[in-house]
Amino acid sequence: SQTIHQWPATLVQPVGSPLSLECTVEGTSNPNLYWYRQAAGRGLQLLFYSVGIGQISSEVPQNLSASRPQDRQFILSSKKLLLSDSGFYLCAWSVRGGKETQYFGPGTRLLVL
Amino acid sequence: KNEVEQSPQNLTAQEGEFITINCSYSVGISALHWLQQHPGGGIVSLFMLSSGKKKHGRLIATINIQEKHSSLHITASHPRDSAVYICAVRVQGAQKLVFGQGTRLTINP
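From first to last, the protein sequence lines are chains A and B.
Position one of the first sequence corresponds to residue 46 (our numbering), numbered consecutively onward.
Position one of the second sequence corresponds to residue 3 (our numbering), numbered consecutively onward.
No lab work stands behind these hints: they were computed from the structure.
All values derive from a computational prediction rather than experimental measurement.
One thing to keep in mind: the hints can contain errors.
As the list claims (entries may be wrong) - Restricting the straight-line Cα-Cα distance to at most 30 Å, the calculated cross-link-like pairs of lysine-lysine (DSS-like) are: (1) 55/B to 70/B; (2) 70/B to 56/B; (3) 70/B to 57/B; (4) 98/B to 124/A; (5) 57/B to 98/B; (6) 98/B to 125/A.
Stated by the list, open to error - DEER-style ranges, computed between Cβ atoms: (7) 156/A to 66/B: 16 to 26 Å; (8) 10/B to 151/A: 19 to 29 Å; (9) 47/A to 55/B: 46 to 56 Å; (10) 127/A to 40/B: 26 to 36 Å; (11) 18/B to 110/A: 46 to 56 Å; (12) 32/B to 47/A: 33 to 43 Å; (13) 114/A to 52/B: 40 to 50 Å; (14) 78/B to 100/A: 42 to 52 Å.
Glycine is no exception: its CB is placed at the ideal position from the N, C-alpha and C atoms.
Chain A extracted, bound-state conformation:
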């Protein structure tokens, strides 16, 4: 069966510090991968998605970046965090192509102080 992992589960970081959140998927190959953010009291917002290694599409311009160094690994990064980066970050995967269900990871709660 397929599983999706995210770490860390929670993170408290000072403004201006770097960020690296990791997401890995097991039990499937060539998945579509997604990073979402859910700010406090707001809906989910797609940040990045990837249809293959090294292929990243950005939905919202910001100080975050994403990379996909391996087929089942998706990394969300920042060089300098802003207060507004606080939120709940969710990684998801789906079978490539079509309109398939997306499966979400457990999420990382980030607080920038």
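Let chain A serve as the given structure and place chain B on it in line with the hints.
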């Protein structure tokens, strides 16, 4: 105006009541998803619809493509159904999902 609107934003009901959560959208879609987010934050996919109706246990989801509207129903509601229910649509020709703001459901015993 958001492309996906849910109503109500908050809903409190007694155990056993029949629950309806509504979702309207303004874009062409290839599929509509209903998701459940528990207090810890984890999200579970409940349904994916492109037409008609689907049922899973006490949960029923319907969609009317012409009216651009979907409903999620919960029969014989239970306190463990308390969660945020999120409607999301896959825009035609796109990979991304567009999400509603969610409906916070609280079922009291």
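Consistency of the hints with the structure:
At most 30 Å may separate the alpha-carbon atoms for a hinted pair to count; residue 55/B and residue 70/B meet this at roughly 14 Å. Distance check on the hinted pair: residue 70/B and residue 56/B sit about 17 Å apart at the alpha-carbon level, within 30 Å; holds. Pair hint residue 70/B plus residue 57/B holds up; C-alpha atoms about 20 Å apart against a cutoff of 30 Å. Between the alpha carbons of residue 98/B and residue 124/A the distance comes to roughly 26 Å, so the proposed pair stays at or under 30 Å and holds.
Between the alpha carbons of residue 57/B and residue 98/B the distance comes to roughly 25 Å, so the proposed pair stays at or under 30 Å and holds. Among the hinted pairs, residue 98/B with residue 125/A is consistent with the structure: their alpha-carbon atoms are about 27 Å apart, no more than 30 Å. Checking the proposed 16 to 26 Å range against residue 156/A and residue 66/B shows it is violated: the Cβ atoms sit about 41 Å from each other. Between residue 10/B and residue 151/A the beta carbon distance is about 28 Å. The supplied range of 19 to 29 Å therefore holds.
Between residue 47/A and residue 55/B the beta carbon distance is about 27 Å. The supplied range of 46 to 56 Å is therefore violated. Under the hint 26 to 36 Å, the C-beta atoms of residue 127/A and residue 40/B, about 28 Å apart, fit the expected range. Distance hint check for residue 18/B and residue 110/A: the Cβ-Cβ separation is about 49 Å, which falls inside the suggested range of 46 to 56 Å. Taking 33 to 43 Å as the suggested C-beta distance range, the pair residue 32/B and residue 47/A does not conform, at roughly 22 Å.
Checked against the given bound of 40 to 50 Å, the beta carbons of residue 114/A and residue 52/B, roughly 34 Å apart, lie outside it. Remark: the range hint 42 to 52 Å for residue 78/B to residue 100/A is upheld by a beta-carbon distance near 46 Å.
The structure shown violates the earlier hints numbered 7, 9, 12, 13.
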